[in-house]
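**Q** Protein chains in written order, with the numbering used here: chain A, 1 to 86; chain B, 87 to 336.
Hints listed in this document are in silico derivations from the structure and should not be mistaken for laboratory results.
Check the hints yourself; a few may be wrong.
To be verified - Label-pair restraints from in silico Cβ distances:
| no. | chain 1 | residue 1 | chain 2 | residue 2 | range |
| --- | --- | --- | --- | --- | --- |
| 1 | B | G218 | A | D25 | 54 to 60 Å |
| 2 | A | R22 | B | L206 | 21 to 27 Å |
| 3 | A | D40 | B | E135 | 34 to 40 Å |
| 4 | B | E273 | A | K85 | 26 to 32 Å |
Using N, Cα and C, we set each Cβ at its ideal position, and we do this for glycine too.
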Amino acid sequence: MTTENILTVEETLRNIVKKITRKEDVVLTPTTTFKELGADSLDVVQILVALEEAFDIELVDEDLKSLNNMGAFIGYVKKKVAEKKK
Amino acid sequence: MSLKGKIALVTGGSRGIGRAITLKLASEGADVIINYFRRTSAAEATAQEARSKGVNAHIIKANVGEPEKIDEMFREIEQKFGRLDIFINNAASGVPKPALELDAKGWQWTMDINARAFLLCSQRAARLMPKGGRIVCISSLGSRMITPIYTSVGVSKAALEALTRYLAVELAPKGICVNAVAPGAVESEALKLYAEDMSLPRLSQSTPAGKLVQPEDIANLVAFLCSDECSMIIGQAIIIDGGLSLAPMS
Ligand SMILES: NC(=O)c1ccc[n+]([C@@H]2O[C@H](COP(=O)([O-])OP(=O)(O)OC[C@H]3O[C@@H](n4cnc5c(N)ncnc54)[C@H](OP(=O)(O)O)[C@@H]3O)[C@@H](O)[C@H]2O)c1
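So that you can see chain B by itself, here it is in the shape it has in the complex (with noise of 0.2 Å):
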């Protein structure tokens, strides 16, 4: 698999999983350019690392929560690149309540910056693929199953599976391939937020596979689904997650 000479944009492309997926597709060839929100030094400190594999890195702080601010993250692609080949959707942000303590604040934030992000970059996103690409979304098995405090991310993931095999439809025929990638359960910082009285051991028991989903592990899934050898799987959402969906908690 090479995707020598492709460029790629991955939203959230500087830390956690998508720092992985940025490093993996920039090992296979990939210029990279990553998106990130606040903390520029660790944005420049994964560009590094990235141009250390000989390709070309670019950051670009936008919050994508944010309409102006992705039309402001696309010109500065399309004047510095031209083009995309591959667009990675994997930002995303939330507000850790039960369904009944959410308020519309939280709930708007969390949509934004998931869901309506995946239309407005996809749409962006597509107009620089004239010779076709690849968009992957990154999802989480919270769109289906039930985490206590995780419900405007859960709901905000399964808008975005379904935006998936709509946009997936739509694009197919002019040789973008669309699909969500669904993590369970991911050895992170941000795990620590949502699962904060399961101690990793535990967490890693959880699962058939007795360990959890490292971040290099969405990132290979991802790159392969991002490859020419991937071209007829569409709108699908695969989960990766060692099994956890199977067999919760045996």
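So that you can see chain A by itself, here it is in the shape it has in the complex (with noise of 0.2 Å):
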């Protein structure tokens, strides 16, 4: 088990997101959107990568178009850790 599996989903995130995008106050709310996050596109395909590798789950591009928001996002990604641990 790695260190990121230990911890939640938000905290994973949130790490990831500080690294990135190079910001200490990261703030995670249910409606927050990647862009009022500072996260431009590449900075996204960066986090979706190192979200796969800490929980070692793919996240489909298809499907996350339809995810408007963190909310629904960690919704996903919590969906897609679930199953992998099935």
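Bring the two chains, given one by one in their own frames, into a single complex with the hints.
**A** Structure, rendered in structure tokens:
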């Protein structure tokens, strides 16, 4: 189990966003968008890759298109993590 | 033409043109190593299809934009296969923007994945080819012709073609032939990103051949460049575009 696995999805995501956007105060609320976090399209790709590595999951681009905010995004990641554990 | 017993690495070999190349090399008898970036399920599906042709297929997830991941990938190849006969540098990415809107980050991202990876992977691949081999990179007509938002990729492909010539001269005495293939518009998912204002029938009409290049057309050319029959084409960028560059939008 990696260190990321014992952190929650929210904590892991916050750490990754901090690292990639180089911002110290990253506040994730259910309605926050990647744009509001200061992440451009390349940052988003890097965030997705880092999450996939942290939890050993595959996030499907087609599924992601309809997820408009952090609430929906984190819910989707949690679903993938739960599926992986089965 | 037979590639029986050869071991081939195709970067970005899981989808699109890379997938067609992987399957063509497999159907000619080569064992294939499929590198990919994120979509494990697509890589597994392509590997399965390759295996159904009677060869070994192995997948490796690695972002070729990161030198450490390239190192890890080649360490795995060395441990598992011990050598390499064919290296296809196909993986590419880019930031679709006009030159005046392209920022340093987008430029660097594209150059790292498309151009620097070719250098670093070729260095490692050549070391695994003590008895000679073949290196082919997939360039693009955009290295010399202009498509509005293709700036970053077009420039990276120009670097790729220049590097092809340098590598070709350095590696020819070792029996390693290095060449580039430069496709025009290929009927693919990625094409939609750069030609969204053009319908497929209109794009097809834009080539003198009256049809778009298919991924399999690219794969056939790549397989020939990898064959023993092809040992005297060195450092060339071969255009495959249905005649588009000779008579654009005729
Ligand atoms: N399509 C065209 O019309 C056209 C025209 C001229 C030249 N080309 C060239 O042909 C080649 C293939 O293009 P395509 O249209 O088939 O592309 P594509 O459909 O977008 O496929 C890209 C492949 O590369 C992989 N990949 C992307 N970024 C990567 C990275 N950083 N590290 C490792 N693998 C990576 C992808 O893996 P995942 O799926 O896992 O992300 C996928 O297997 C490219 O060099 C492209 O520039 C294409």
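**Q** If a hint holds in the structure, say so; if it does not, say that too.
**A** Right, here's what the structure says about each hint:
1. G218/B to D25/A: 54 to 60 Å: holds (56 Å)
2. R22/A to L206/B: 21 to 27 Å: holds (26 Å)
3. D40/A to E135/B: 34 to 40 Å: holds (36 Å)
4. E273/B to K85/A: 26 to 32 Å: Between E273/B and K85/A, where Cβ atoms are some 40 Å apart, the hint is violated.
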